[in-house]
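Engineer: Chains as they are written, first to last, in our numbering: chain B, 116 to 346; chain A, 206 to 459.
To be clear, the hints were calculated from the coordinates, so they are not data collected in a lab.
Where is the CB? At the ideal position from N, CA and C, for every residue including glycine.
Some hints here could point you the wrong way.
[As the list claims (entries may be wrong)] Take a look, some chain A residues computed to stay more than 12 Å from chain B by CB distance:
id, residue
1, 255
2, 331
3, 350
4, 353
5, 362
6, 384
7, 400
8, 403
[As the list claims (entries may be wrong)] Example chain A residues on the side facing chain B (calculated, C-beta under 7 Å, incomplete):
id, residue
9, 231
10, 327
11, 358
12, 360
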Amino acid sequence: MAALVGKLLHAPDVHFRLAWRAPGVAPNGHLLAAGVLGAMCWGAAMGCHVGRAHVWITTLKMPLFFLATLALCFPLMHITLLVSGIRARASQTLTIALSGISTLAVCLGACAPVVALFCASAPIPSMASYLNLYVLCLACGIVAGIAGLRVLARGMRSLNRTEQVGIKAPLIAWALVYQFVGAQMAWLLRPWIGSSYGVDGYSLSHGLSGNFYMGVWAVLMRWLQELGAIS
Amino acid sequence: MSTELDPILPSSQPTPYGREPIAAPRPWVTRWESDTFALAGPLSVGGGLLRAQGAVARDLFHGRGLNTYISGCGLLMVFASLLYGAILGSVAGAGQVVYAAVKFPVVIVGACAICLPSFFVFQALTGARLTFKQALAAVLMLGAAAGLILLGCAPIAWFFSVSTTEDSQAFLGLMHAVVIALSTTFGFHFIARTHRYVAWKHGERLFDGRVLALWFGLLVLVAAQMASFIGPLDPDRGLVDTQRGFFLTALFEV
């Protein structure tokens, strides 16, 4: 698994060439294991802020978040690839998607010790420290996301041998679809960093209340009202 | 049935209708030209629409395997609309799932059936070379291509339906509208590309482009009116209850 992850990180082209040469369950299984491990580390680091049961709950929730989002998006991702002219088999689409997500998760896992330190040492309860941690996690997420997208692009390009089609459109479509579903999945599985005000653990009824996009809309409206832009 | 590639006409050959063929084919035309597809029954049609659109377009133009395409596309369209209808209905409770799953395919198939004669007649009037069977296959291919996108979006739509509370109905309505608009646009895009591909390859018009665009607008209007009349999402209506009224009025009431 370590060799596969190493190849994925420093030579994604070689990784994909080997994957297409020897297709099977093993490469996807290794990618899945690496991704789950990275995501668990990242989840544990975020859970350190509240501590106690929240650590292992977040550790379990993070891989679930990545995999459940992928499961929901996979049919549309595969169809997008096909209609864009990249003639991939379902197993090849899965390899590309898992490679991107594993890279993202491994990058997040690499940042986990740093985040864990800040989470464990940030004052609690404090809205300021919560926002600081939020920004730190967001920055790590952006860096890891770029790394994941880079691998996705290499994977699509490795399948697109004839160069008759661009990979820009399917890549953007994949990123948008995954982000769109991922935002709601994150909303469903919240809290992540954890409430600073004594609520820990996970409640499905809390997760099912509202909707991410309606929540963002409500916050936007409140800001506009406070600014006096709307009444 | 295997699809053999037909020879490409020289680009300098004059065309009997309208525009000259494009000298340097666009990348998608080159890709369609290299597509091959072995039609192996109605259930294989979905694979052809996704992986070998060029081969499907050639089969449509030459009238090869049209019966298989008609049955396959019909099945795919009904199955996709049934599944998506059930997801649409799940927002309004378990009872509505069955009603919506039955009514949504009626809306889709009904709209296609109502618009098919106008498609064939107006295409023929403007000089397009297609038989009624080809017209039927083309309309069903549009529906099946749209159905494939609906199938791809179905897990996402289901997830948002179950994870969103009742106070976010506006969001869900918007999301379903976007998904349905995307899928129908994809269906139209496929037929429009088929028209351009045939024009490039054979210098002939399988369809008339302007009539195709106008007819697509008519199809959307008919589908909207059918939806308003049958009401797949109205929890107050029974399975066979219909309601008179113009769809725009109903839309503004919402």
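Engineer: Any hints this thing doesn't respect? Which numbers, in order?
Structural biologist: 1, 3, 4, 5, 6, 9 and 10
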